[in-house]
Amino acid sequence: MSGEDQTIGSEPAVPSAQQEVPPWRLVSTLGTAGALAGFLIVFVFVATEPTIKAHKAMVLRQAIQEVLKGPASFDTLFVYDGALTAELPAGQDPESMDQIYVGYGDDGSQVGFAMVAAEPGFQDIVQLIFGYEAGSQRVIGMKVLESLETPGLGDKIEKDQSFVREFDGVTSPLVGVKPGRATGDEHEIDMITGATISSRAVIKIINNAIERYSPLIAAHNGGGVQ
Amino acid sequence: MTAELLWILVSAMVVNNFTLYYFLGLCPFMGVSGKVETAVRMGAANIFVLTITSISVWILNTYILAAAPYLRLISFIVVIASTVQIVEMAIKKISPALFRALGIYLPLITTNCAILGYALFNTNRGYGFFEGLAFAWGAGLGLTLALVLMASIRESTELIEVPDVVKGNALVFLIAGCLSLAFMGFAGLLSST
Amino acid sequence: MRATTPHQDFTRGIWRENPVLIQMLGLCPALAVTNTVANSIAMGLATFFVLMGSSLLVSLSKRFIPNEVRISTFILIIATFVTVADMSLEAIVPDIHKALGAFIALIVVNCMILGRQEAFASKRPVGRSLLDALGTGIGFIIAMLMMGTVREVLGNGTILGFSIFGSNYEPWVIFILPPGGFFTIGFILLGLNYVQSRRKPKQLVAELPGAGTAGRAA
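Protein chains in written order, with the numbering used here: chain A, 1 to 226; chain B, 1 to 193; chain C, 1 to 218.
What you were told as hints is all true, and nothing was included just to trick you.
Cross-link-like lysine-lysine pairs, in silico, DSS-like; alpha carbons within 25 Å at most: (1) A:K53 - C:K98; (2) B:K167 - B:K35; (3) A:K56 - C:K98; (4) B:K167 - C:K202; (5) A:K69 - A:K56; (6) C:K200 - B:K167; (7) A:K56 - A:K143; (8) A:K143 - A:K69; (9) A:K143 - C:K98; (10) B:K35 - B:K92; (11) A:K69 - A:K204; (12) A:K204 - A:K178; (13) C:K62 - C:K123; (14) A:K143 - A:K159; (15) A:K159 - A:K178; (16) A:K53 - A:K69; (17) C:K98 - A:K159.
For the record, the hints were derived by calculation from the structure and aren't laboratory data.
So here's chain A without its partners, still in its complex pose:
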């Protein structure tokens, strides 16, 4: 067994007054450690940032594709100064701005707008993205992005494809009806049995978002070139 194992740490066996550690050593240790730490973190950050950003953009792109049912292209619009604009003035951070997306078909005509919205559901906040056609006031499709609803019940808003498809082509404002009570009205959504609150949350999120963005969309479409 090596001799190192018998000593306890690196403290000298001085029985009397402990050696005073000069303050500069304390500061310099922390400073060096901090500098090394910072260097390592920045290095890894720079190395991983492109991959992370690319993935986030891809996820968003996929979601927009899904809820606008395959547009040929899409643009990002920022909510700035009470109106929708494609170009932000210099100095404004795009990441902190409210954004919605407008999709175009093969012929360049407007397919619809995709909006991300979030509000409390049953257990926690539900975040979703949905497509909206301004002219006919219809929802094109919806996709739940984040939810922590009860597995097996509330999480059906995400996993039950027949519920998700209910939103294809439904007219705003949406109205939820209990299963079996549908009258065939174009505003109706069949809610999930046993997950009424989660279903209602989804409907409410979409209705509120449409209410919020409609004036902005109307102004954007009315004034701009289509």
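Using the hints provided, position chains B and C relative to the given structure of chain A.
Chains B and C alone, transformed into the frame defined by chain A:
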């Protein structure tokens, strides 16, 4: 605005209780929940530290970290550790009685995942100043609630015969499971229709 | 401090002094992210990486760290490795990173890691510190796997997403919810207590003088 703040507070307190739902603050939960009195003190210390953390986190996020998001974790930890240190020294000076009462609980809070967890959740959800405060108080009250409930149950178990197999931490976890189950009943409390 | 063999340094962290089940450290991640086996493994590996890295660095630089600032320096080192792990996970496996969420960052306050630095890596040579970290890390992964397997099998009927009971299985959903985490670890500890209580009388009987004759219960 008030309704939203209330939702944040009540939701953090009972619907998504920090200990019984998010599993944060378990070390003190296991160690300090033997007596109701110590549980209350620990809870109070937590609320205090959470309030200060809430303000510090808001300052950090708004003014400093926008430029360097990768330094977030380190700066949070440094701020929390320093806050607890300063608070401890301040209490020692201002009110030695209070210091003796809180005792060793303050340093324990530094490595308590509840405080750092609060800071991280706050940042992830993008809370502003008042929302952050509401969240802090909800979390603190929730932590205290869980601690006090557990402590009062544990005090009662001292009076009964507990089978050997389940003595100690096993029992505490099973009780915690029942508490967590009970708190699940709060889900959907504040959802509007 | 008693002298220990390298073998002891390595093996004690794996079971006898298992960080989660015996020492009751690192409980937060053990309960929070063990709702599926995949998450448990990912969290176990991330924690393992942080533990090994910080033990290595702390042991290498222990001569340069004054006693007064040692805890702060340890935490700085640990936080750096956690940040690196967080960013790497987000780049390599974004789905798992999303599932683990803020709990990756919470590795920094996992008392198990700081405990190892304080008790061992700051006082022992690099080789031993690495062995200790290896053993503790493996012990942590084992505990996480135990929790994760029980919870996913009972709560979802699957392991790593593969259904093992067939489609008729009605999952015991509570196990992937928070109460299930508490119940699972409670029952595991109960099991350990039981095994321990069965072992003790036999040990005591064996140590009695005249052992070998028909023993009496302790």
